[in-house]
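Engineer: With chain A held as given, fit chains B, C and D onto it using these hints.
There are 4 protein chains.
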Amino acid sequence: MIHKVKNRIDEILNGVSTEDVPARIFQVFIITLIFLNVFAVILETVEGISSRCAVAFKAFDAFSVFVFTVEYLLRLWTCTIDKRFHSPIKGRLRFAATPFALVDLMAILPFYVPMFLPLDLRVMRALRLFRLLRILKMGRYSESLRMLGNVLREEKEALLVTVFGVSILLVVASSLMYFIENAAQPKSFSSIPAALWWGVATVTTVGYGDMYPITPLGRFLGAIIALLGIGAIAIPAGIVTTGFTKEIQKRHGKKSKCPHCGNDINEPPETRSMTHKTP
Amino acid sequence: MIHKVKNRIDEILNGVSTEDVPARIFQVFIITLIFLNVFAVILETVEGISSRCAVAFKAFDAFSVFVFTVEYLLRLWTCTIDKRFHSPIKGRLRFAATPFALVDLMAILPFYVPMFLPLDLRVMRALRLFRLLRILKMGRYSESLRMLGNVLREEKEALLVTVFGVSILLVVASSLMYFIENAAQPKSFSSIPAALWWGVATVTTVGYGDMYPITPLGRFLGAIIALLGIGAIAIPAGIVTTGFTKEIQKRHGKKSKCPHCGNDINEPPETRSMTHKTP
Amino acid sequence: MIHKVKNRIDEILNGVSTEDVPARIFQVFIITLIFLNVFAVILETVEGISSRCAVAFKAFDAFSVFVFTVEYLLRLWTCTIDKRFHSPIKGRLRFAATPFALVDLMAILPFYVPMFLPLDLRVMRALRLFRLLRILKMGRYSESLRMLGNVLREEKEALLVTVFGVSILLVVASSLMYFIENAAQPKSFSSIPAALWWGVATVTTVGYGDMYPITPLGRFLGAIIALLGIGAIAIPAGIVTTGFTKEIQKRHGKKSKCPHCGNDINEPPETRSMTHKTP
Amino acid sequence: MIHKVKNRIDEILNGVSTEDVPARIFQVFIITLIFLNVFAVILETVEGISSRCAVAFKAFDAFSVFVFTVEYLLRLWTCTIDKRFHSPIKGRLRFAATPFALVDLMAILPFYVPMFLPLDLRVMRALRLFRLLRILKMGRYSESLRMLGNVLREEKEALLVTVFGVSILLVVASSLMYFIENAAQPKSFSSIPAALWWGVATVTTVGYGDMYPITPLGRFLGAIIALLGIGAIAIPAGIVTTGFTKEIQKRHGKKSKCPHCGNDINEPPETRSMTHKTP
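Sequence lines, in order, name chains A, B, C and D. Quick note, this note's numbering runs 224 ahead of the 1-based positions in the first sequence. Quick note, this note's numbering runs 224 ahead of the 1-based positions in the second sequence. Quick note, this note's numbering runs 224 ahead of the 1-based positions in the third sequence. Quick note, this note's numbering runs 224 ahead of the 1-based positions in the fourth sequence.
Treat the hints as calculated values from the structure; they're not laboratory data. Treat the hints with care, as some may be off.
Pairs involving identical chains hold if they fit within one copy or between any two copies, as the list cannot separate such chains.
[As the list claims (entries may be wrong)] SDA-like cross-link-like pairs, simulated, lysine to any residue; straight-line CA separation at most 25 Å:
no.	residue 1	residue 2
1	228	301
2	282	417
3	380	259
4	411	271
5	282	294
6	411	434
7	380	444
8	411	345
9	380	258
10	314	304
11	307	320
12	380	254
13	282	415
14	307	234
15	282	396
16	314	333
17	380	251
18	380	391
Predicted model only: the values in this text are computed from it and were never measured.
This is chain A alone, in the form it adopts within the complex (with noise of 0.2 Å):
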């Protein structure tokens, strides 16, 4: 009997089939509950806002944490249904060594600590904000989110280079012009870690104007700089491109079959047919 409420819970719980109700309910009301946390969270720091609707939203961060404890014990006593996680203890500690129940954790932990530990206001405030991690519980439900994973571990490789290129262009030019504005504005460019804030604002074309070469030859390199940023920018967008639309198109199961004959059209065709058969 609790063997049948036990699985019926863990299909609930992690649900794949669209068809089962409860488990699609489920999972609506948790992703809803996330973004209005989120959105919590984000209101809260508004001072109008919060000193005026501030029990409303102690009440909120209650409820949330019940039902987040509540989904996150319910898992860790359902999670022995994976052969996996086995062992009622072992297979349990493992299984709360996950990176999704690690997540979990994480988004109860911040309001459970200040009752046991006594912190000091600024500790409670970055605790508060922690909260904001219970975005990451969302990875469970997304399946896109999973895509962009993959495509960014595939073309990790060309990522790496231009990171790396970039990195390279952004330590040259910014030390570049450290030496040339550094006479010129001795507080702006009072660095190169300081002259690196105004590389990565041109090379990303941010360009917030907090920072900006004055000198004849500062403006020249930094015109260069500036240009040369496209390439900063085209690069990595062409790579992840590439990588997103080969991604979907696995997804969209498009084998490429042609619908007359059913072989590959990427195949070329046997050889077979090709030589001159003479009998």
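Structural biologist: Showing chains B, C and D alone in chain A's frame:
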């Protein structure tokens, strides 16, 4: 006789064939009128111009509304030719509820409403801007806009992933930045929503320069966000691009042939397979 | 005899073959002269330089105009070799009306006009900038620019859609922003044309920072526009890119022939080889 | 015996096989040292840090130069193993003139020069920045950077077109803007070179906000330039991307097969054609 006139008017209003000269003239006239209307609304907000040419603007608006009203009534009259809106009353009501008919109605309503309803000045001014919606009438004539719509609809899934990913990046980055910079710039980074304004300006590489981190840690985080922002541009760029290219290829009728059987892979196979020709 | 000279000059002026050394020298000389002219016009506007080297600039300008005039006259003389401009007078007039000949004329006219017409100082200064048009003479020599032109011409349709879409986005966004921000910043967002300046800076992600929304609603709208602006960059980027890649492939003559069997790899093998030839 | 040692050292210095553990350790050690050097040069410019840790920085620099000097001398000693640099003196001189050897020399020279030459303080400071060039030593170890180099070399033609096109756009736009804005902002738009700084910031969409048009005509032109600037980003982005994708495909050995004969289209055909197999 009246039926013939109705048919002719319908042809002119919805003229697809480019050889029908009156239909062409009507189309060019309406499109020009729409553009002039948009131009007029824009110019009317410039103080010097609006005061000097108030009469001309009013006259032009009245003329435009007259044309658009006649167009709307004619469409309402002739729509029964279309099988979908066959019934004289029910069909016409159903026609009036189609998006294009609603847009046509919205293009003329702002003119008639103040005649029947006493409105305060602020609402009047808003109503005037509503005239800009006349630009949506273009949708009927522009095949290209429909193409853009197709692309967005087809790549919906991929675009949603991106929007979702960018949103999470924005929320997490802005919250962190709020926590880091709040002490140093309590006015600029006063709340997470305020920090989100910085986040959007940075991730989209707009970089107005009204808000930027000044602490070393904040600049370090800001630099990383700016660099990640490149990805936020790269991914949707690639997706839209891929979709657009596909759509154009479809249009130009560039059909891909299977290298095995030579048939078009985009066409469904006929009921009888071509390979099993047993004589 | 004179005919031979004419032919030789025509060969040098329009030299296509890269083995004709005098033609090569002439081309490099003219291109260098054009670049130096552009450089001179730019430097002449720098106060310190223009006052110190006034004579040198004048001499260089006179020399350039002399060379360009001789070139123009020689082209006018030899153009009758081309069948299209065969007739001595009518042909030459028709040649003088070709775009390249007009550019050549415009490159020298600013020098001669003030000799015959009394001009005020402001027009004189504008005329001097007209010398920059000499850069258009490059069009004749640069095969690459023609390539860019081809791409733009071929992808015209898609680019127009984008321009149209971006225009509508700009007009609607700027009008809304004007309506929202006008009360809070009556000086910055004084009219829709003023708001359009903000709109362009935001959609193109330039973000000068001279205008930005300050009301919460304005910032919310601004954030959405900035995010949509990514699409406004993404779409034309992809279109131009696709076109460029196609053009380069055409150039390189990669007709995609298989080096083993000599067939076009983009064409499916003939059906003959696929159906079961039962003898 | 000495020959064996020489061979082993050469293997470690240029170790290609990833199974040679000492070679791996040496590589990781040198790469770490290079990164730490770059980091040190950057940190040294921060006032608080440089004064406190002056001795540590000096010691680390001396240690690094010692290691790099030993590496350089060993490379010079063992280079004769390579057939190209066989001769003991001439070969070594030729080796010393290769780009990588020159970079290695430049990485240590800034340390030794002040020992022999009396230098003023400014040159000394410049020399210290020269140490940043040690980052170029990475080129030897990074396969990825070589890949980027390949792409840029292959797409050279297309990139040159773009650079040329953007340059003309910049010059023409900035000159026009100078002419339009000079009267209204004689200090900002004081000359065409000054206007070029605005042009670059606009076309690359950096938009610092230190210079922007304020006249209606200037803003109209500025808006058009900003919109055209999108193209200036789009074109090189696409070119680099295409090249990068090609290069990665090459790497991964994804060979394209001809649908007619099934052979790899990237491989040259063998001398004997495979189709004419007459038995």
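Engineer: Determine for every hint whether it applies to the structure shown.
Structural biologist: Status of the hints after comparison with the structure:
1. In this assembly of identical chains, residue 228 and residue 301 lie within 25 Å of each other by CA distance solely inside one copy; the values are 13 Å within and 65 Å between copies.
2. Taking CA atoms no more than 25 Å apart as the test, residue 282 paired with residue 417 passes between copies only; the shortest distance there is 20 Å, against 42 Å inside one copy.
3. In this assembly of identical chains, the alpha carbons of residue 380 and residue 259 lie at most 25 Å apart only when taken from different copies (21 Å versus 30 Å within one copy).
4. Taking identical chains as interchangeable, the C-alpha atoms of residue 411 and residue 271 lie at most 25 Å apart only when they sit on different chains, with a minimum of 12 Å there against 34 Å within one chain.
5. For a Cα distance limit of 25 Å, the shortest separation of residue 282 from residue 294 inside one copy, 18 Å, qualifies, whereas the shortest one across copies, 59 Å, does not.
6. Proximity of residue 411 to residue 434 under the C-alpha cut-off of 25 Å is found in both arrangements, the shortest distances being 12 Å within a copy and 17 Å between copies.
7. In this homomeric assembly, residue 380 and residue 444 come within 25 Å of each other (Cα to Cα) only across copies, at 23 Å, whereas the closest approach inside a single copy is 34 Å.
8. Within a single copy, residue 411 and residue 345 get their C-alpha atoms only as close as 35 Å, which misses the 25 Å cut-off; across copies the closest is 21 Å, which meets it.
9. Taking CA atoms no more than 25 Å apart as the test, residue 380 paired with residue 258 passes between copies only; the shortest distance there is 23 Å, against 30 Å inside one copy.
10. In this assembly of identical chains, the alpha carbons of residue 314 and residue 304 lie at most 25 Å apart only when taken from the same copy (10 Å versus 61 Å across copies).
11. Taking CA atoms no more than 25 Å apart as the test, residue 307 paired with residue 320 passes inside one copy only; the shortest distance there is 15 Å, against 60 Å between copies.
12. In this assembly of identical chains, residue 380 and residue 254 lie within 25 Å of each other by CA distance solely across copies; the values are 24 Å between and 32 Å within a copy.
13. Proximity of residue 282 and residue 415 under a CA criterion of 25 Å is satisfied inter-copy only: 18 Å between copies versus 46 Å inside one chain copy.
14. Taking identical chains as interchangeable, the C-alpha atoms of residue 307 and residue 234 lie at most 25 Å apart only when both belong to the same chain, with a minimum of 13 Å there against 53 Å between chains.
15. When the C-alpha separation of residue 282 and residue 396 is checked against a cutoff of 25 Å, the pair qualifies only between copies, where the shortest distance is 21 Å, while the shortest distance within a copy is 50 Å.
16. In this homomeric assembly, residue 314 and residue 333 come within 25 Å of each other (Cα to Cα) only inside a single copy, at 22 Å, whereas the closest approach across copies is 60 Å.
17. Taking the shortest Cα distances, residue 380 and residue 251 sit within 25 Å of each other only across copies (22 Å), while inside one copy they are farther apart (32 Å).
18. Within a single copy, residue 380 and residue 391 get their C-alpha atoms as close as 16 Å, and across copies as close as 23 Å, so both meet the 25 Å cut-off.
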